[in-house]
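Participant: Residue strings, one per chain:
2 protein chains.
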Amino acid sequence: MENFELCLPTKMIFGKGEENKVGEHIKPYADKILLHFGGGSVKRSGLYERVINSLKEAGIEIFELGGVKANPTLPLVYEGIKICRENDIKFILAVGGGSVIDSAKAIGVGTLYDGDVWDFFARKAVPTKSLQIATILTIPAAGSEGSANSVITNEETKVKTGIKCQASRPVFSILNPELCFTLPREQMAYGVCDMICHIHERYFTNSLHTDVTDGLCEATLKTIIRNAKILVKDYRNYNAWAEIMWSGTIAHNGMLGVGRVEDWASHMIEHQLSAFYNIAHGEGLAIINPAWMRYVFKDNIKMFVQYAINVHGVDSSLRDEEALALEGIRRYEKFLNEIGLKTKLNEIGIKDEDFEEMSKKATSFGEIGNFKKLNADDVKEIYKLAL
Amino acid sequence: MENFELCLPTKMIFGKGEENKVGEHIKPYADKILLHFGGGSVKRSGLYERVINSLKEAGIEIFELGGVKANPTLPLVYEGIKICRENDIKFILAVGGGSVIDSAKAIGVGTLYDGDVWDFFARKAVPTKSLQIATILTIPAAGSEGSANSVITNEETKVKTGIKCQASRPVFSILNPELCFTLPREQMAYGVCDMICHIHERYFTNSLHTDVTDGLCEATLKTIIRNAKILVKDYRNYNAWAEIMWSGTIAHNGMLGVGRVEDWASHMIEHQLSAFYNIAHGEGLAIINPAWMRYVFKDNIKMFVQYAINVHGVDSSLRDEEALALEGIRRYEKFLNEIGLKTKLNEIGIKDEDFEEMSKKATSFGEIGNFKKLNADDVKEIYKLAL
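So the sequences go chain by chain: A and B.
Just so it is clear: in the first sequence, position 303 is 302 by numbering that gives the first Met the number 0, and no numbers are missing.
Just so it is clear: in the second sequence, position 370 is 369 by numbering that gives the first Met the number 0, and no numbers are missing.
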């Protein structure tokens with residue numbers, strides 16, 4: 000087991016109706032906030048109105064910034080920073096999914112930084128302080144409600160990349176599974192794939208003696224798979240959403256990665272895909288992650304054998320390691336298809352024309368991944384395998 | 000799934016040699032501390048000296064209070080409170096196992112309270128604030144290094160009972176598995192039983208739809224069992240200790256109990272045993288917990304069937320639910336015996352003479368447990384089953 004540090008300071012407030020008390024929850028921290036959200040769905044669902052009412056009841060002054068889109072971009076982050084600075088705002092409430100929360104985190108670190116916030120994403124500076132963030136989660140997926148991470152896209156340079164800052168962890172996050180009932184079905188599928196990949200990025204490791212985290216990863220993966228299948232047939236099942244929603248937080252709060260070297264190549268390879276084609280992150284991962292698996296599995300086949308047996312229930316009496324490993328990957332793809340995801344680039348109309356440039360961008364800071372170190376050529380091969 | 004709140008603010012610093020940097024870790028919080036510890040073992044092992052050196056290097060003023068014993072008692076807590084008040088100390092470093100940490104937590108809440116600290120334990124007042132606590136853990140067992148809980152024994156009234164206060168969660172805890180190498184073997188066994196029971200108290204529930212936490216509990220239990228067996232044969236195995244040590248924290252930081260109604264009857268029944276006979280908590284639990292299981296399993300047999308299959312690998316094709324459930328309990332007892340624990344009261348020389356009084360004390364605040372509500376008569380039956 001590797002040495003590690005872990006701190007999970009976000010207060011998780013989980014259950015029905017909790018979003019209606021958000022004003023009370025904020026009161027101890029701030030009298031004035033930036034309310035950050037996305038498009039029309041929070042208004043259509045009535046959530047926006049309930050949040051505003053609760054904030055007003057608590058006497059909290061509200062500055063609003065809506066309009067966050069999937070793959071959140073820099074211009075809105077700059078706008079948020081400007082609003083926070085001009086109005087001396089110290090607290091941001093993000094109401095939405097990972098994109099909204101990540102945008103809020105970028106505003107949080109950018110407001111307290113004299114330079115351009117993109118410096119952090121370009122690895123020219125390291126963020127250490129942030130405005131306080133709280134969230135009301137509407138899409139279980141990114142795990143941003145409990146994580147230290149934020150991913151932003153620079154549309155001008157087509158670079159999508161992330162930062163990690165402990166001060167960005169929300170002070171609290173409200174998770175009400177009922178808010179998921181109105182999500183479009185493809186959002187559920189993207190989210191499920193995203194959280195599975197957050198676990199895969201940690202699970203596939205060459206570190207030895209990772210007994211307890213292996214088990215926690217496997218248990219969480221099995222829960223997500225089991226309950227996503229329930230949602231396919233019974234979309235308004237509260238308990239299935241509750242399992243998915245809480246699993247999404249666990250998947251990315253750090254708990255499942257301690258004591259082991261994590262990978263993260265699939266995420267970096269996918270980020271280029273969604274930066275170039277503006278597809279959803281989960282949509283891209285469903286294609287890239289299995290291709291990555293097929294490219295790397297022979298480098299530590301025992302890890303993939305364990306995965307096949309413990310997560311996908313492949314019969315271990317099949318004594319051919321390669322066949323076992325591949326059957327695990329095949330079952331993973333089959334599951335992704337079952338919940339409505341495509342697992343090949345050609346199925347979503349993407350061809351090989353940008354592979355060269357995307358491979359270079361994915362490796363612009365050097366080799367990526369730890370399970371197997373990947374250079375631009377490797378990444379290009381993975382894009383090809385995904386065709 | 001039940002609604003819940005969870006916040007795990009303790010920074011966990013895990014790995015080899017970390018205790019030698021304790022001074023640096025404390026420096027951001029305090030210049031003056033109470034150093035709280037137990038008996039001679041921290042001095043014999045050289046840990047005490049290394050801690051003192053690190054603290055001195057960081058220029059931290061040290062007030063010492065040693066002498067904490069297993070089942071920590073009130074007089075030392077009062078002494079700690081007096082030292083902290085007289086010297087305006089705001090930070091306590093506990094170096095030891097659960098007893099030392101629990102004693103430090105009682106001092107922490109007691110110092111900031113005008114009345115008698117025992118008021119909290121007697122349910123006459125609720126603790127809400129504490130001095131800051133940090134720990135260097137030497138015995139993986141109680142989980143106190145990450146928990147909000149503290150258990151203290153009032154020797155005069157023979158009452159052993161606990162409090163829970165979020166402000167008591169340590170600001171940081173240092174966990175170095177190497178520190179376990181010098182633990183007496185019975186301490187390992189007691190600790191393992193204690194952490195298993197922390198999970199059992201959460202696992203056995205009548206709450207439905209507890210999919211992900213069921214899986215996390217089962218994975219952690221299996222890790223503990225597997226690695227304790229390794230230690231029996233290879234006591235200085237770093238990785239086995241690492242798995243046990245981290246599992247002990249997970250077992251009791253709250254993570255495994257969210258979304259479900261917890262039980263805690265076994266702990267309350269055992270507390271009387273160690274209050275009356277001053278045996279180790281883990282020693283008592285190894286006897287009480289299986290007896291509790293045999294008394295209650297028929298109330299929700301499916302939970303015990305799941306336990307037998309998923310934790311102890313009992314073959315599910317055995318279609319007799321009662322036989323399955325009992326086989327799970329039997330394997331649990333067999334494991335406890337394997338690591339050197341007795342599972343019957345008569346094996347440690349305890350007879351039935353105090354059952355009446357102990358049953359009353361265990362239920363002095365009313366019925367206990369949630370899996371099955373237990374009154375004094377039920378508790379007495381469980382003591383009898385444990386004979």
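Hints were generated in silico from the structure; no laboratory data involved.
Take these hints with a grain of salt, some might be off.
A pair holds if it fits inside one copy or across any two, identical chains being indistinguishable in the list.
As the list claims (entries may be wrong) - As a list, the in silico DMTMM-like pairs of lysine to aspartate or glutamate whose alpha-carbon atoms are at most 20 Å apart:
#1 297 - 353
#2 379 - 321
#3 297 - 319
#4 20 - 4
#5 372 - 356
#6 20 - 1
Participant: So, for every hint listed, does it hold in this structure?
Facilitator: For each hint, the structure was consulted:
In the homo-oligomer, the alpha carbons of residue 297 and residue 353 never lie at most 20 Å apart, since the shortest distance is 27 Å inside one protomer and 63 Å across protomers. Taking the shortest alpha-carbon separations for residue 379 and residue 321, neither the intra-copy value of 23 Å nor the inter-copy value of 57 Å comes in at or below 20 Å. In the homo-oligomer, the alpha carbons of residue 297 and residue 319 lie at most 20 Å apart inside one protomer (13 Å), although the nearest pairing across protomers, at 43 Å, exceeds that limit. In this homomeric assembly, residue 20 and residue 4 come within 20 Å of each other (Cα to Cα) only across copies, at 14 Å, whereas the closest approach inside a single copy is 33 Å.
Only within a single protomer do residue 372 and residue 356 lie at most 20 Å apart by alpha-carbon distance; the minimum there is 19 Å, versus 65 Å between protomers. Taking CA atoms no more than 20 Å apart as the test, residue 20 paired with residue 1 passes between copies only; the shortest distance there is 18 Å, against 41 Å inside one copy.
The structure shown violates the earlier hints numbered 1, 2.
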